[in-house]
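Based on the hints, put chain B in the right spot on chain A.
Chain by chain, the residues:
Protein chains: 2
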Amino acid sequence: MQAALMYGAGDVRIETVAQPVIQEPTDAIVRITAACICGSDLWPYGSKPATAEGARMGHEFVGIVEELGTAVTGLSVGDFVIAPFVTSCGVCDFCREGLQTSCRVGGRWGGTHDGGQGQFARVPHASGTLVRVPAGFDETLIPSLLSLSDVMSTGYHAAKKAGIRPGQAVTVIGDGAVGLSAVIAAKLMGASRIILMGRHKSRTDLGREFGATDVVAERGAEGAAKVRELTDGDGTPVVLEAVGLKDALVTAAAVVRDGGVISRVGAPQFADVPLGFPEFLRNITLTGGVAPARAYIEELLPLVLDGTINPGRVFDRTTDLAGVPDGYQAMAGRQALKVLVKPQP
Amino acid sequence: MQAALMYGAGDVRIETVAQPVIQEPTDAIVRITAACICGSDLWPYGSKPATAEGARMGHEFVGIVEELGTAVTGLSVGDFVIAPFVTSCGVCDFCREGLQTSCRVGGRWGGTHDGGQGQFARVPHASGTLVRVPAGFDETLIPSLLSLSDVMSTGYHAAKKAGIRPGQAVTVIGDGAVGLSAVIAAKLMGASRIILMGRHKSRTDLGREFGATDVVAERGAEGAAKVRELTDGDGTPVVLEAVGLKDALVTAAAVVRDGGVISRVGAPQFADVPLGFPEFLRNITLTGGVAPARAYIEELLPLVLDGTINPGRVFDRTTDLAGVPDGYQAMAGRQALKVLVKPQP
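Order-wise, the sequence lines are chains A and B.
Per the numbering used here: the first sequence = residues 1 to 345.
Per the numbering used here: the second sequence = residues 1 to 345.
No wet-lab data here; the hints were simulated from the structure.
One or more hints might be untrue.
Treat identical chains as interchangeable: a pair holds within one or across any two.
Think about it this way: if two alpha-carbon atoms lie no more than 20 Å apart in a straight line, the pair counts; the simulated SDA-like pairs of lysine to any residue are [what the hints assert, rightly or not]: (1) Lys246 - Asp272; (2) Lys48 - Pro278; (3) Lys226 - Ser192; (4) Lys246 - Pro44; (5) Lys246 - Pro278; (6) Lys246 - Phe270; (7) Lys246 - Phe280; (8) Lys187 - Thr308; (9) Lys201 - Ala217; (10) Lys246 - Ala271; (11) Lys246 - Gly276; (12) Lys246 - Pro274; (13) Lys246 - Leu42; (14) Lys187 - Asp205; (15) Lys342 - Arg122; (16) Lys246 - Ala332.
Values in this document were obtained by computation on a predicted structure and should not be read as measured data.
Here chain A stands alone, though its shape is the one from the complex (with noise of 0.2 Å):
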């Protein structure tokens, strides 16, 4: 079968690699209909040292069930699934507490494992991480039921980590694919006022559409002090922060009000937080973390399967799996928000 592998910063290849099999018992085989590439893959793709064995790459996909280890139950041949973008048994503690990014046996697609971007994927604990879709459905929704594998779950998880309650004003920093996830959760959960910071004007358009009442393009301590003065000078109570930088969360930290809650989503490319006397004299916290997207997909799928949230419009570009090597150029270059692959021929 063919997948995408990343050798190093900028240099993605498409190669025939071995077709999965089953493994373990509790293994699935899934033959993927739909994958992404992912804002978090723009880290290595910006970064990555070169390395001769490459990287097998992407982490969210959907697609239907080939086959099945003999210990996986609640599945059948031909199921349409949803894969979290990381693995978990379903059974343990930190799997029952809601918190599957913290499995005791999950794991992580791509490296030396199956990523999304390919033709199919073996699924360790398939039980566990795969959510079966009933069947039936408009195949014209397969975007937004691909965005829960993380996007969508992500935003999501920023939003309820903050704890939003309905009538909150809500900052989101950032116009990414996660940025604008959060905002159609933050508006979800009953956020009467949504301001979304970002300066690509058809994100923020989209992010309009979404749910954002106002939209702030400036960045830095410039964005920061639009926000204040669109909030009489004392920012917002929740900050969902979707960008990973150490800027936004000084930006966030700027635009937070005293006793608010900063939720961050992006992946952190720093090792400290700008949390010190001063927000510690005005109370804010800091929550969030990596989404356990498997513990929302549940939650959300009947909200998609309604139309009552559309979240597949993040996707503006859709590509075969030769076309992955300029979707992660187009995405890096953000002349793409989020590539939809369809690795299938």
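Below, chain B without anything else, positioned relative to chain A:
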């Protein structure tokens, strides 16, 4: 009247200062009957540059209302009152939300204002700031009532912001007066296990009496390993940090369970919090901050009056005003845990 002033590191003097008078109709004058030296006073005591003008000190006191401005309501001359460690109006949005430390007009004690380490104090926004204690209480409770000014309320803030649920395991870092108060608070909120990290046996012994079930005397990586050993390798879902040094937060991150909460009430002596990518992957929340003591005094007062909690036991030395400079030295040298000051002759 007499009061304590700090002129620089290690330089505290008792001097004659102006007797306070009513300046605003919302002021009260309080005759201070008991006050404290605070662990946070030790930061300037260790590092303040020498100055020609001394700064008034002390931000925790109880006393008797001597005089009231014409606009003060809810208080009478002769009332016994507790003063929280910041002043607050009681009517602005932050005060109504219970975040009186962010009051729009409130302020701090000391500096060029009166402090607690003196015989009298002018109390701005007296109606909002002071809490009246019903007459007829047992005077042996005064140390515990005094602790509500700061340390007990601060320990309680740590526990409340962490949202401790009955049955949870909690680690408390620091065996100072705030750490020990945090133990009381954790027990009050139903923690089933309270691991106290501290290396001063007399303090951790008191911590055990307050409810600590385990004591870890080791520090740093060794101490963290011990806590993890006590908790099947996982750490505890709640960590209350009552030190304020960066190392304590590193320890907090090392002993908090995935998905858990670090609630900090140690005033941070550093700008950046060491919560980077590993803690992001583990979904660690950082909360806490300076405690709005005013929000908790009314809640904790009945528990002091009926003997449910006895936080006044943190005081292990009593002095008159003349003994305050020695009191600073004793606390800095860890010969005293917390010093109670009786400023009236």
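Outcome of the hint check:
no.	hint	result
1	Lys246 - Asp272	both (8 Å within a copy, 11 Å between copies)
2	Lys48 - Pro278	between (36 Å within a copy, 19 Å between copies)
3	Lys226 - Ser192	within (18 Å within a copy, 47 Å between copies)
4	Lys246 - Pro44	within (18 Å within a copy, 30 Å between copies)
5	Lys246 - Pro278	both (17 Å within a copy, 15 Å between copies)
6	Lys246 - Phe270	both (6 Å within a copy, 17 Å between copies)
7	Lys246 - Phe280	both (18 Å within a copy, 13 Å between copies)
8	Lys187 - Thr308	within (11 Å within a copy, 44 Å between copies)
9	Lys201 - Ala217	within (8 Å within a copy, 56 Å between copies)
10	Lys246 - Ala271	both (9 Å within a copy, 13 Å between copies)
11	Lys246 - Gly276	both (14 Å within a copy, 10 Å between copies)
12	Lys246 - Pro274	both (8 Å within a copy, 13 Å between copies)
13	Lys246 - Leu42	within (17 Å within a copy, 32 Å between copies)
14	Lys187 - Asp205	within (16 Å within a copy, 51 Å between copies)
15	Lys342 - Arg122	within (18 Å within a copy, 73 Å between copies)
16	Lys246 - Ala332	within (19 Å within a copy, 36 Å between copies)
The structure is consistent with each of the numbered hints, conforming to all of them.
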